[in-house]
Amino acid sequence: MNTIFKRFAAGLIVSASLTTSAMAAECIAPANPGGGWDFTCRTIGKIMYDIGAVDAPIQVTNMAGGGGGLAYSTVVNERNDDEDLIVAASSATATRLAQNAYGGMTADQVRFLGAIGADPGVIAVAADSPYKTLTDLLDAVKADPKSVTFAGGSAVGGFDHIKVLMALGRAGFNDIRAVKYIGLDGGGDAITQAIGGHVQAVTGDMSEVVGFLKSGDIRVLAAFTDERIPGFEDIPTAKEQGIDVVAVNWRGLYVPKGISDEAYQKWSDALAKVAASDEWHEAMVSHGLAPFTKVGPDFQNYVNGVIGEIAQLSRDIGVIK
Amino acid sequence: METLSLLMDGFAVALTPTTLFLAVIGCILGTIIGALPGLGPSNGVAILIPLAFSLGLDATASLVLMTSVYYGAMYGGRISSILLNIPGDEPALMTTLDGYPMAKAGRAGDALVLSGVASFVGALLATFGLILLAPVLARLAYKFGPAEYFALYILAFSTLGGIASKNQAKAAIAACIGLGISMIGIDNNTSIVRFTYGNLHLYDGVDFLVAIVGLFAVTEVFVFIESHGKDSAIGVKLGKITIPVNDILLCKWAMLRSTLIGFVAGILPGAGASLGSFLSYSAEKAIVKDNSMFGKGDPRGVAAPEAGNNAAAGGALIPMLTLGVPGSGTTAVLLALLMTLNITPGPTLFTDRPDVVWGLIASLLIANVVLLVLNVPMVKFFVRILMVPPWVLLPGVTMVSFVGIYSLSGSTFDLLMMIGFGAMGFFLRKLDVPTVPIILGILLGNRMEDNLRRAMVISDGDWTFLFSSWIAIGFWAAAILGFVGPMFLRGVLKKPVPPTD
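One line per chain: the protein sequences are C and L, in this order.
Count along the first sequence from 1, then add 308; that gives the number in the numbering used here.
Count along the second sequence from 1, then add 217; that gives the number in the numbering used here.
Just so you know, not all the hints are guaranteed correct.
Label pairs and their computed distance ranges (CB to CB) [claimed, not checked]:
1. L:V609 to C:G626: 55 to 63 Å
2. C:G524 to L:P234: 35 to 43 Å
3. L:K513 to C:K454: 32 to 40 Å
Over the 10 Å line for every Cβ pair with chain C, so calculated as not near, a few chain L residues [as the list claims (entries may be wrong)]:
4. S444
5. M641
6. M665
7. R670
8. T681
Quick caveat, the hints were computed from the structure, so don't treat them as lab data.
The beta carbon of each residue, even a glycine, is placed where N, CA and C say it ideally should be.
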């Protein structure tokens, strides 16, 4: 009875999402519709089919829970050799893996496929703030950590928090437990706290600050990218200001660990084709993403490096032991 | 006058046949979604987003469709609250308190019409508020830091006694159960996992929709089974629908006051419609001279929360459009829709995309009129959906509840949890403990804690920071009055009225 009901309910939902082929490959978005992971699956999946990189439309499944942990455990435990499965991932996935937030599962239990776009990390202050450059702000923290509170759209120990700590570390400030950070329910919320004068600085992604930047309510002190962000050439990078940090919220995919090398190669090729397509460039522009293409083993190495650094910082601030 | 000409341009967009058609469709779908337990505005909108995309609608059209569904669901939620004592969605929670007793007393039709009118007043005035004040009111959100939010939630909890008609201690216990449940999941301030016992399904905490559907719909099924369907609460009679002019006139001030409270609650990010209807109800009960009928079918107890939650729905659009900060769960989904349509909400939206904003506002006004027509003269159509015999209706409600909850997360764990909540609700009902405060605890507990902890980080643990602004002090004063006041005033107020029960 139970299984009949399950099938019935699943059938309802599948038909509601207007998908046609049951044999098609599947992309799991580990969150509800509307967020970044959902965007990754829907956009990349659609373009893959439209440009002919895959034969059948890719079906998107939303599997929210545990900040992506539920999807991760499903892939590791139940679908480890499913060659027709890709899963959306981002910097948040790497952060949570580094902090052991997926109930003991580790990054080496899947294969990271690639990232083909990124939302650049930025640090901003209210327009009337006394801090004019990133150095001003970091110096103020160094002089008196209590004088500056950072606000960001992710929880304590999340990627927005980590970005600030990375920058301070490069600037030679290592008492990172003294740094004050509050996590809010999204970048927009964090920015209103800064404009209202409740906090001194905001750490977030470029897409979150664009509206407030245009209206003149905030000033972006630095972008954590290699080069200045296309379209926002007047924002200096942290590197230019002597702080060597690249921290972007990449949008990418992982695949199950147990699939064959041929299948991994097939997906890598399909993803690389999407990265080179005009459709993807359009989608990136309209979603405020900057180019950031790393596919295959290159990307796996990058993710491993990022996870290592985040794990170390997280131990230092006491988020993990 | 510029506003007026912009609004006229907006009507030019909204009155095209396609847009108008979408608004009507959206209103009907929304009302049905709102009336079905387990499906509320936020998952209703989320479920219909793929529809908007597959129809290939442009930005304005999709936005019109989705906001009509949103407003429709806010109207529709009251129908099952009144007829079944099961809130159709979370903001309709407070409407059960007086709406259902009214229905049981044979005045279901009056309650439905009155709440429809109250919804209309709240939503219409809030839409005018949105037109006139959006840019100004957006600045209000800047004034609210962690200290102010914490004081606001304290105010909400300290007036909790206001919703308990009989035993305030039991209401307090229920609120504590809710607060306890809200602690489950990842703690935002330390990323430490609490009370999950290693179960990944609990990492995001307990979804309040699971709790609502469990505590109300599933509990109702258990009660029905126990009584073998004999004297089940379900299945109130609905006679001929007339306009209860006297009730509407009696409630006119209640509606206006509640509209204001709901509207302000809607503007504040993170407060939302549920808090709006809750505060409206508590305030109304505190203000009126003779509140002995509250909880037993007072028309003002129906009008106040409905005006409040519909006004909050309009208010919540303000921070979403002008700041890109959602004021409620549904506006969060709408925000995601806007982003997907390549519209970046924020301070520049009103100047960058006037066609979208004013088209939207004009269609909100149209949607309101459509909804009044649907919900007052034609309310029988929606009632009929719920008016089948209990032995058909209850299994139906159960099925819709299961599908609704399953569609949220696609996880069977949530279904089991929902049944757990149903069992809990059954025993709490036996003990005469109200379940509404539990939901409020789950709904507001996390945010209250988060804001306290944020305030403590900012101030380095200095508790006087919580009283550092006039806004915060005002909320604290109101909270203390709301909590302590009734204890002293009760004797004074009740003296002239001899005890009747």
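Could you see if the CB distance from K513 of chain L to K454 of chain C stays within 32 to 40 Å?
54 Å, violated
35 to 43 Å as the expected CB spacing between P234 of chain L and G524 of chain C, which holds or is violated:
Since the Cβ atoms of G524 of chain C and P234 of chain L sit about 40 Å apart, the hinted range of 35 to 43 Å holds.
Hey, is T681 of chain L genuinely clear of chain C, shortest beta carbon separation above 10 Å?
16 Å, holds
Minimum Cβ distance from S444 of chain L to chain C greater than 10 Å, as the annotation requires:
Non-interface label stands for S444 of chain L: nearest chain C Cβ at 25 Å, farther than 10 Å.
Say whether it holds or is violated: R670 of chain L keeps its Cβ farther than 10 Å from all Cβ of chain C.
8 Å, violated
Taking the Cβ atom of V609 of chain L and the Cβ atom of G626 of chain C, is their distance within the range 55 to 63 Å?
Cβ of V609 of chain L to Cβ of G626 of chain C: about 57 Å, so the range 55 to 63 Å holds.
Outside-interface status for M665 of chain L - nearest CB in chain C farther than 10 Å:
14 Å, holds
Please confirm whether M641 of chain L is truly not at the interface, meaning its C-beta sits more than 10 Å away from all C-beta atoms of chain C.
22 Å, holds
Hints 3 and 7 from the earlier list are contradicted by this structure; the remaining hints agree with it.
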